[in-house]
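Colleague: As a plain string of letters, each chain reads:
Protein chains: 2
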Amino acid sequence: MKLKRMYSYLKADIDLIEKELKAATESESRLLEEASQHLLQAGGKRIRPVFVLLAAKFGDYNIQVIKQVAVALELIHMASLVHDDVIDDSELRRGQPTIKAKWDNKIAMYAGDYIFARSLEYITKIENPTAHKILSSTIVEVCIGEIEQIKDKYRFDQHYRDYLRRIKRKTALLIAVSCQLGAIAAGASANIHKKLFEFGYYVGLSYQITDDILDFTSTEKELGKPAGDDLLQGNITLPALFAMRTPAVKCVIEQVHEKTTKEEMTHIIKLIKETGAIEKSHQISQRYLQKALLALQTLPDRREKKSLIDIANYIGKRKY
Amino acid sequence: MKLKRMYSYLKADIDLIEKELKAATESESRLLEEASQHLLQAGGKRIRPVFVLLAAKFGDYNIQVIKQVAVALELIHMASLVHDDVIDDSELRRGQPTIKAKWDNKIAMYAGDYIFARSLEYITKIENPTAHKILSSTIVEVCIGEIEQIKDKYRFDQHYRDYLRRIKRKTALLIAVSCQLGAIAAGASANIHKKLFEFGYYVGLSYQITDDILDFTSTEKELGKPAGDDLLQGNITLPALFAMRTPAVKCVIEQVHEKTTKEEMTHIIKLIKETGAIEKSHQISQRYLQKALLALQTLPDRREKKSLIDIANYIGKRKY
Chain A
1 MKLKRMYSYL KADIDLIEKE LKAATESESR LLEEASQHLL QAGGKRIRPV FVLLAAKFGD
61 YNIQVIKQVA VALELIHMAS LVHDDVIDDS ELRRGQPTIK AKWDNKIAMY AGDYIFARSL
121 EYITKIENPT AHKILSSTIV EVCIGEIEQI KDKYRFDQHY RDYLRRIKRK TALLIAVSCQ
181 LGAIAAGASA NIHKKLFEFG YYVGLSYQIT DDILDFTSTE KELGKPAGDD LLQGNITLPA
241 LFAMRTPAVK CVIEQVHEKT TKEEMTHIIK LIKETGAIEK SHQISQRYLQ KALLALQTLP
301 DRREKKSLID IANYIGKRKY
Chain B
1 MKLKRMYSYL KADIDLIEKE LKAATESESR LLEEASQHLL QAGGKRIRPV FVLLAAKFGD
61 YNIQVIKQVA VALELIHMAS LVHDDVIDDS ELRRGQPTIK AKWDNKIAMY AGDYIFARSL
121 EYITKIENPT AHKILSSTIV EVCIGEIEQI KDKYRFDQHY RDYLRRIKRK TALLIAVSCQ
181 LGAIAAGASA NIHKKLFEFG YYVGLSYQIT DDILDFTSTE KELGKPAGDD LLQGNITLPA
241 LFAMRTPAVK CVIEQVHEKT TKEEMTHIIK LIKETGAIEK SHQISQRYLQ KALLALQTLP
301 DRREKKSLID IANYIGKRKY
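As you go down the protein sequences, you meet chains A and B in turn.
Using full-length UniProt numbering, the letters of the first sequence correspond one by one to residues 1 to 320.
Using full-length UniProt numbering, the letters of the second sequence correspond one by one to residues 1 to 320.
What the hints contain is simulated information worked out from the structure, not anything from laboratory work.
Since the structure is predicted, the reported quantities are computational estimates derived from the model, not experimental observations.
Hints should not be assumed to be uniformly reliable.
No copy labels: a pair is met if it fits in one copy or bridges any two.
Capping the alpha-carbon separation at 30 Å, the derived lysine-lysine pairs in DSSO-like fashion look like this [claimed, not checked]:
#1 19 to 151
#2 125 to 259
#3 250 to 106
#4 133 to 19
#5 4 to 280
#6 262 to 106
#7 22 to 153
#8 2 to 317
#9 151 to 102
#10 151 to 22
#11 306 to 194
#12 306 to 151
#13 125 to 4
#14 106 to 45
#15 106 to 151
Excised from the complex, chain A in its bound form:
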C-alpha cells in the first residue's frame, strides 16, 4: 500500500496544509520567498504534518487550529534541512539543487533562519503556552544534536550510544513532538499525548535508522544523491558502526575522507554489506518499530490508530 493511501481520508486537510506552507513561505523579500519555495517545491513526505493531524484526531479535532501546529512542525524540519545542507556541503536534496548550491551558504543561513522564525510565528497562533514551551525546548535539543553531529564527523571511534543520541535529537524528538503537540493542541488527555510522544519517538528512531541503511543500499537515482554520501560526509551511521566491528573493514572505513572517490565508495559499500551490518541495523530498526507499536496499544481503537500502525510498518519496510 502506498503511504498516502494510509490516511487518504485526510486528503483535504493535507492539501490545505500544503497551501498554508506555500503561504507561510511567501515574503516581502523576493529572495527569501524564492529560496524557501524552491525547497518547498522539491517536495518531501510531509510526514510530520501527517503525524500532527493523526494525533489530533485523538482529541477535539479542529483543522483551523491543528493546521498551525502542522505547518510549524514542517517548517522547523525544513529550516533544519537548509542548515544541514550548509554543514554537509550538500549539492542535492530530493534530486534538486539545495539552497546553498543554487544560491550560497550565506543565503542558506538566513533562509534557514527565516523559515525557522516563520515556524515560531505559526506555533504562536495557537494560544497554548505549553505547546510553545515544548517546541522551544525541542529546538534547543535539535541544535545541540546538530553541533554534536559536526563534532562527531569522521570520528571513527564513536559508540553506538553516540549515534543513538544524535538520531534522537536529529529526528526522533521532532517526530515525537509532532505527535505530542497534535494531541495537546486538540486537548487530548495526558495519557494519550504521552503515548503518542512515545510512539513518535520510536518511529523516529526506526525511521532514521532505515534512512541510514538506505544511504548504503539505494541507487543514486532513488536517493537523489550518490550512495554512501553519509559516510563520505563523515557522518558515521549505524551500518558503518556495525561494519567496523570487523577489523579489516574498520581499517578501510577509517580511511574515508572528503575526497574518497565514487569507485572507492562502491567498494567500501560492498565490504560493509558483506559484514552483515545492514541486516543488523535493520534488526535494530525493527526493534524500535515494535516499541512504537506497543506504545499505541492502550489508545482507543479508531481509524487513525490503524493509520499510525500502517505508517509505522511502512517505515520499517520502505525502500527509499
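Got chain A sorted already, so can you dock chain B onto it with the hints?
Modeller: Chain B alone, transformed into the frame defined by chain A:
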C-alpha cells in the same frame, strides 16, 4: 554621566541577568558552551535587558518573571550578531575574535541557531501567548531585514527609505519590543506598553544612526574594528548615502569593494566628512531622539521615566 549610573538602582537585577545569561549559555555540548560564552564574555551594553527592566517598572515588577524576558531579548540580539558576523566576514567584535573567526562559519551558524533557540526557551517561561506571538513576529521581521541587507550590499543606488527600512528591522524593532514586552510581562496597560514600544522604536533608529556615524568618526581602538568597516563590507549607511549627494564623492564611494585598502578608506572617510554628511546624519538621529522623548510624555512621572530620558539623551551624544 556614565550609562550605568542612569539606572544604578537596578544594579542587583542587572547582575542577576548577567548570571542568567551565563546559565542560559551553558550546554551539554562543550563546543556550544565555549562559543556562546566567548561571545557573552566579550561584553556589550546589555541595553535590551535594561529597557526590559525599566519598562517593566511601569507595571507590576517581578524580577523573577521579568528576567526571563530580559534574557530572551539579549539572547536574540546575541544570536543575530553571530550570524551577522558570518555574513559580514567579521573577524572582530568588541575587540575580540568573532565565533566565525575563532572557530569557523559552520560552528557560528549552529551556535547562532542554538542561542536563538535558547532565547525562545526563555520567553516561553513566561506563560503569556501574546508575548510569544510578538516576539516570533519580530524575529521574522529581523530575518527579512538581514536578508535584505545582503541584497543591498554594494548597491550604491539605494534610497534613504531602503536604509531606514533596514535599520528598522535590524535594530529599532528589537529595542521597541524590549520595551513593549517588559511592560506587557509586568501587566502594564495597553496605552503604556504602546508608548514604550514607540519610545524604543525611535530610540532604536536614533541609536543605529549614531552607530553608523561612529563607524566613520571613531578610531580603530574605540570601535574594536577598522573605521569605515561598514562601507568596506558594502553596508551603505546614512552618512554614505548623504555623502553620495555630492557627485564627485559618489563616484569615489561607488568604487569601494572588498579589497579597498585602509589608506584608500581613510581618504574616502575624509571626503565623506567634508560633505557635511556626518552633521546631516546627526540631525536625523536627533530628530528620532526627539520623537522618542515625545512618546514618553504621557507616561507617569517616576524614576524609571527619568532613566529612559537619560539613556535616550546619552544615545544621542555617545562617542562610541
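Colleague: Run the structure past the numbered hints and jot down the numbers of the failing ones, going up.
Modeller: Hints 2 and 12 are the ones this structure does not satisfy, whereas the remaining hints hold.
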